[in-house]
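**Q** Okay, here's what each chain looks like letter by letter:
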Amino acid sequence: MFTLRNIDRHDTDILILGTGGAGLFGALHALQSAPPGTRVSIAVKGLIGKCGCTRMVQGGYNVALGGGDTVERHFMDTIQGGKWLPNQDMAWRLCEQAVVRIRELENELGCFFDRNPDGTLHQKAFAGQTADRTVHKGDLTGIEIINRLMETVLSRPVEKLQEHRAIGLIPTKDGSALSGVLMIDMRTGRFRFVRAKTVLMATGGGPTMYKYHTPSGDKTMDGLAMALRAGLPLRDMEMVQFHPTGLLAGDHTRMTGTVLEEGLRGAGGQLINHAGQRFMFDYDAKGERATRDVVSRGIYAEMRKNNNPEQEGVFISMAHLGPENVRKKFSGMVKRCADSGFDLAAGKVEVVPTAHYFMGGVVVDVDTRTDLEGLYVAGEDAGGAHGSNRLGGNGVANSTVYGGIAGDVMGRDIRRMGALREPDETVLEAELARACHPLTRKPDFVQPLRAQLQTVMWEDVGVMRNEAGLQRGLSGIAQVSDALMDLGVAPDNLAFNLTWHDWLNLRSLCDISEVIAKAALARDNSRGAHFREDHPEPGALEDSYFTVARQTGTVEVTRAPVQFTIVRPGETILPAHEPETLVAAQ
Amino acid sequence: MSEFHLYMAQRLSALVMAPFVLVHIGVMIYAIQGGLSAAEILGRTQGSVFWFLFYGMFVVAVSIHAAIGLRTILSEWAGLRGSALNITALAIGAILFAMGAQAVYAVTATGAA
Amino acid sequence: MKAIPRAHPLWLAYILHRLSGLGLALFLPAHFYVLSLALTDTARLDAFLRLTDYPLVKLAEFGLVFLLAVHFFGGLRLMALEWLPWSAAQKTWAAASLAGAFLISTTFLLRAI
Amino acid sequence: MSTKGPQVTVTVQRGGPEGPGRKQQFQVPAYGSQTVLDVVSWIQQNADPTLTYRFACRVGMCGSCAMMVNGVPRWTCRTHVSKVLQDGAMELAPLRSLPVIKDLAADMDPFFDKWVSAEALHHPTASRDDPIAPIDPDAPERVTASAGIECINCAVCYAACDTVANNPDYLGPAALQRAWTLYNDSRDGAHGAILDAVTGTGGCQSCHSMGSCTAYCPNGLDPLSAIAGLKRAATRRFFGKGKG
Ligand SMILES: Cc1cc2nc3c(=O)[nH]c(=O)nc-3n(C[C@H](O)[C@H](O)[C@H](O)COP(=O)(O)OP(=O)(O)OC[C@H]3O[C@@H](n4cnc5c(N)ncnc54)[C@H](O)[C@@H]3O)c2cc1C
Ligand code: HEM
Ligand code: SF4
Ligand code: F3S
Ligand code: FES
Chain A
1 MFTLRNIDRH
11 DTDILILGTG
21 GAGLFGALHA
31 LQSAPPGTRV
41 SIAVKGLIGK
51 CGCTRMVQGG
61 YNVALGGGDT
71 VERHFMDTIQ
81 GGKWLPNQDM
91 AWRLCEQAVV
101 RIRELENELG
111 CFFDRNPDGT
121 LHQKAFAGQT
131 ADRTVHKGDL
141 TGIEIINRLM
151 ETVLSRPVEK
161 LQEHRAIGLI
171 PTKDGSALSG
181 VLMIDMRTGR
191 FRFVRAKTVL
201 MATGGGPTMY
211 KYHTPSGDKT
221 MDGLAMALRA
231 GLPLRDMEMV
241 QFHPTGLLAG
251 DHTRMTGTVL
261 EEGLRGAGGQ
271 LINHAGQRFM
281 FDYDAKGERA
291 TRDVVSRGIY
301 AEMRKNNNPE
311 QEGVFISMAH
321 LGPENVRKKF
331 SGMVKRCADS
341 GFDLAAGKVE
351 VVPTAHYFMG
361 GVVVDVDTRT
371 DLEGLYVAGE
381 DAGGAHGSNR
391 LGGNGVANST
401 VYGGIAGDVM
411 GRDIRRMGAL
421 REPDETVLEA
431 ELARACHPLT
441 RKPDFVQPLR
451 AQLQTVMWED
461 VGVMRNEAGL
471 QRGLSGIAQV
481 SDALMDLGVA
491 PDNLAFNLTW
501 HDWLNLRSLC
511 DISEVIAKAA
521 LARDNSRGAH
531 FREDHPEPGA
541 LEDSYFTVAR
551 QTGTVEVTRA
561 PVQFTIVRPG
571 ETILPAHEPE
581 TLVAAQ
Chain B
1 MSEFHLYMAQ
11 RLSALVMAPF
21 VLVHIGVMIY
31 AIQGGLSAAE
41 ILGRTQGSVF
51 WFLFYGMFVV
61 AVSIHAAIGL
71 RTILSEWAGL
81 RGSALNITAL
91 AIGAILFAMG
101 AQAVYAVTAT
111 GAA
Chain C
1 MKAIPRAHPL
11 WLAYILHRLS
21 GLGLALFLPA
31 HFYVLSLALT
41 DTARLDAFLR
51 LTDYPLVKLA
61 EFGLVFLLAV
71 HFFGGLRLMA
81 LEWLPWSAAQ
91 KTWAAASLAG
101 AFLISTTFLL
111 RAI
Chain D
1 MSTKGPQVTV
11 TVQRGGPEGP
21 GRKQQFQVPA
31 YGSQTVLDVV
41 SWIQQNADPT
51 LTYRFACRVG
61 MCGSCAMMVN
71 GVPRWTCRTH
81 VSKVLQDGAM
91 ELAPLRSLPV
101 IKDLAADMDP
111 FFDKWVSAEA
121 LHHPTASRDD
131 PIAPIDPDAP
141 ERVTASAGIE
151 CINCAVCYAA
161 CDTVANNPDY
171 LGPAALQRAW
181 TLYNDSRDGA
191 HGAILDAVTG
201 TGGCQSCHSM
211 GSCTAYCPNG
221 LDPLSAIAGL
231 KRAATRRFFG
241 KGKG
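Protein chains in written order, with this note's numbering: chain A, 1 to 586; chain B, 1 to 113; chain C, 1 to 113; chain D, 1 to 244.
It is possible that part of the hints are untrue.
What the hints assert, rightly or not - Below 27 angstroms or equal to it, Euclidean Cα-Cα: the simulated DSSO-like pairs (lysine-lysine) are:
| hint | chain 1 | residue 1 | chain 2 | residue 2 |
| --- | --- | --- | --- | --- |
| 1 | D | 83 | A | 348 |
| 2 | D | 83 | A | 328 |
| 3 | D | 4 | A | 211 |
| 4 | A | 329 | D | 4 |
| 5 | A | 335 | A | 124 |
By construction, these hints were calculated from the structure, which means they are not laboratory data. On a predicted model such as this, the values are computed, not experimentally measured, just so you know.
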């Protein structure tokens, strides 16, 4: 089998992991800022630009571009949306740099964004925003952003390591810095250790350990699992954002869990429970138009009350708005539902809350640096910018802004870095053995175990949590985790062996699931996406803390106080007499 | 000649041929009534500068047009590439032109009857 | 449709244009040869032309004129599509040129009989 | 494997870079809402763990799941089984005209290499330091440019096109369509270079307007007319007219 002697070894200067908004902007800016002759390599689990969630962005990109809106207002919305947990310096930088990044996207990359009749950018407001702020290209904004980035990066001199899956961060012997990354060349099934002076980890998190989830299939928390093993601190790990309306079409279809867009509710779409009744006004005065977390909990509560096995979720119904009208206004969504056999325009479609975005991530500074010299983290892998809740439209802004920053900073930092660093061969060997572990066990199918984990997470570590459930969840996770170590993958043909990767995916998911459950136990109040039925109060905002998880043998979770570096709870940085919101009431 | 120039040449030669084809089909419909005979054809064409230029231009155009067309087909369906392809296409063009020129000469040159 | 899984109207128009072009190009040398007989052997030219009285040969002739007409209208359609400001009614164009081809060649056939 | 309930018979072309291997047949349980991707996933997850295919978004946005279904290129995550079933069976093969990595996963590099050589990327005339210039959304050029913008580079059109199959130099419908978008984008600063690129070897002139691209694009895009636009622009330039 594989030993340290027969793995490929490869060197580069700047290594990028992942090609979402963060990875591609990281590569582009690294090429722009690094000294001439610097080698830039991109390793990605899928094809460049064709995997990850940035491509799946529908709604759009938050950026304050005047017309009454300001960076200050965007910042205040972000802090309030995050329930005072965000790292304020990161949130500020996000809002401020989004302005530059959108100009870069429009002017340098040539993105098409929708316009107003007068030629200016069209902006709309997602829930939780106090200004029309979201720039978009129809409801396919992500495709536009990623395609323009992708083609530009492909035309540059970068080394392409496609279908290369990162599996381990390998430090130097003294542990003070990163030497490189161990990966599997998925196409051949061979291992490759790539040394680099700087590495950007932009693998995009991805809460796909839930029964219902929206992210792309390639995202399985690999980055955070690697960071955890490397001993890096992870913050806000209890914060999993659920989108209220995921398609529910059965366990046998990958369509299940995919998003039915927010706009449906905004336009007047109604949620109907098993008794055939609207219910959202029982939970919130805004009804279906309440924020994501509120609607998700409303639906979840209804689902619990219901014990009809024929109907698991609730229905979204649009027909009262006129099927023709719906078909016109939401043509993409109607067509997508029709492709899987549902009539969104005239009928009703079963929906369920679905895990959408992960607020938690590696602790970084505003320059994307981590505790490990040479390792940078940006995008959904990095924690801090969103606190307990990410506003719609802040996700892609975050990944593009911080990806670009990472590229700039790496290009600068690399000038003071001398030679490539030697790896700690024992860590390398351990990571190798970890990935080879299933090849030594009796082969079996992986999917049933994945389904088991997803059920545990959905039921006990999901939309609503309590101490008993979380404890139950932890032991459920441990069961799956142990069973996984006994489950093997046939080693005879490892070239593009998806089942081996399913095993590795589930390994990462188990590891991070445990952290999520433990962090959720550690937060005994309810903020944003995290809701404890046994502690429904948010706690004093002044005493806000965030959780920090770390693996030192076992996973330990501690609390750290939020630093109100820019604004304190109850205060605002908006000028006096600024209206609360600039958005016309619906 | 670049591929794009070949493209232009093929289209332009087709345009040159277009009126010819119309007239040719028309003449044929007219001539075919009561059957064709050599004398009929030749009586119409021989010694005529108009028909010489008319058919002459057609032969030039069709040699170019068909040679380029066959070049495309040979490359796409027979996998011919590079100089093998170009030489074959040139040869086709040359042969078509030679045979066509002979035919035009035969049909329009004076005194051959 | 099963034999040609990807067939659709415009694709059929394409394959028809290609096959007709190919057919014409193959026929052309023969045509030139027969005409050049005018110079050397008028009697044989006449003999050839008399052949056109036979139904089978008539059918073949019909085929040839059909090819020319199909290719001609198809070619005009292509050039219109490529060079004139785009109109979406491509399939109609293709069908119309086919119809035109049939019309002409059938007229020809009817008059020839 | 249980054999209860309705089944679908699926024939899968296996193989690798060395060429197509054997065809394998599977019986897959049928469900009400089931896509071709679900069928392929079921086989890998329940019958043959070595089967290779590719997908990411599962909602028709990433363009990585395309393959030949009964000889027709399709995005499989958005293709309902009932749409393609012929007598309860379907046959799957990797995308046409691209090298095979393994089984149903094609190597898409040639597709993207051609994308880049068609100059199908923005040539900036402004920078991140400049304001965003107003653009009339209804200006004819912008409308023309926008028509091709929602391409997900799935290569379905590429696999559908016989010219691509027969002419290894041909840049293909998607790359040319993108070039046409850029040619009409008033912000792009290299219209001449784009026309140069798309009239070089394998450029727009190689297209025979067979329209399979437009017929099979899952997003309803129309590369056929985009390429016709390029031919028109190149011809205008040939006669010394127009821009670029
Ligand atoms: C359906 C959907 C709709 C959304 N809509 C919006 C919206 O409207 N507005 C908004 O702001 N945000 C939205 N988001 C969130 C947004 O997409 C993400 O926040 C953001 O795109 C994350 O970017 P990223 O670069 O960090 O990660 P991604 O874009 O997810 O990219 C991660 C990359 O890492 C690669 N990778 C993963 N593991 C490995 C590994 N082990 N080795 C190598 N590579 C690896 C992946 O293949 C991928 O290329 C949406 C998300 C989803 C799922
Ligand atoms: C007897 C005369 C003709 C012969 C022998 C002939 C032959 C051919 C051949 C062999 C091709 C290549 C087919 C292909 O690439 O698929 C072709 C293409 C073409 N022909 Fe003709 N042709 C003739 C007359 C015409 C006429 C009169 C027109 C138009 C008015 C025309 C228009 C075209 C066009 C536009 C093409 C290009 C097709 C493409 O690139 O897809 N041709 N011709
Ligand atoms: S044009 Fe259509 S078929 Fe072709 S790559 Fe783009 S989306 Fe796919
Ligand atoms: S299918 Fe091919 S030939 Fe042209 S019109 Fe489309 S690119
Ligand atoms: S999986 Fe993304 S388009 Fe099908």
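**Q** Residue 4(D) and residue 211(A): Cα distance at most 27 angstroms?
**A** holds, 26 angstroms
**Q** Does residue 328(A) lie within 27 angstroms of residue 83(D) when you go C-alpha to C-alpha?
**A** Holds, because 24 angstroms separates the two Cα atoms, which is no more than 27 angstroms.
**Q** Given the hinted pair residue 335(A) and residue 124(A), is their alpha-carbon gap at most 27 angstroms?
**A** holds, 23 angstroms
**Q** For the pair supplied as a hint, residue 329(A) and residue 4(D), confirm whether the alpha-carbon distance does not exceed 27 angstroms.
**A** violated, 42 angstroms
**Q** Holds or violated: are the alpha carbons of residue 83(D) and residue 348(A) at most 27 angstroms from each other?
**A** holds, 22 angstroms
Hint 4 from the list above is the single one not met by this structure.
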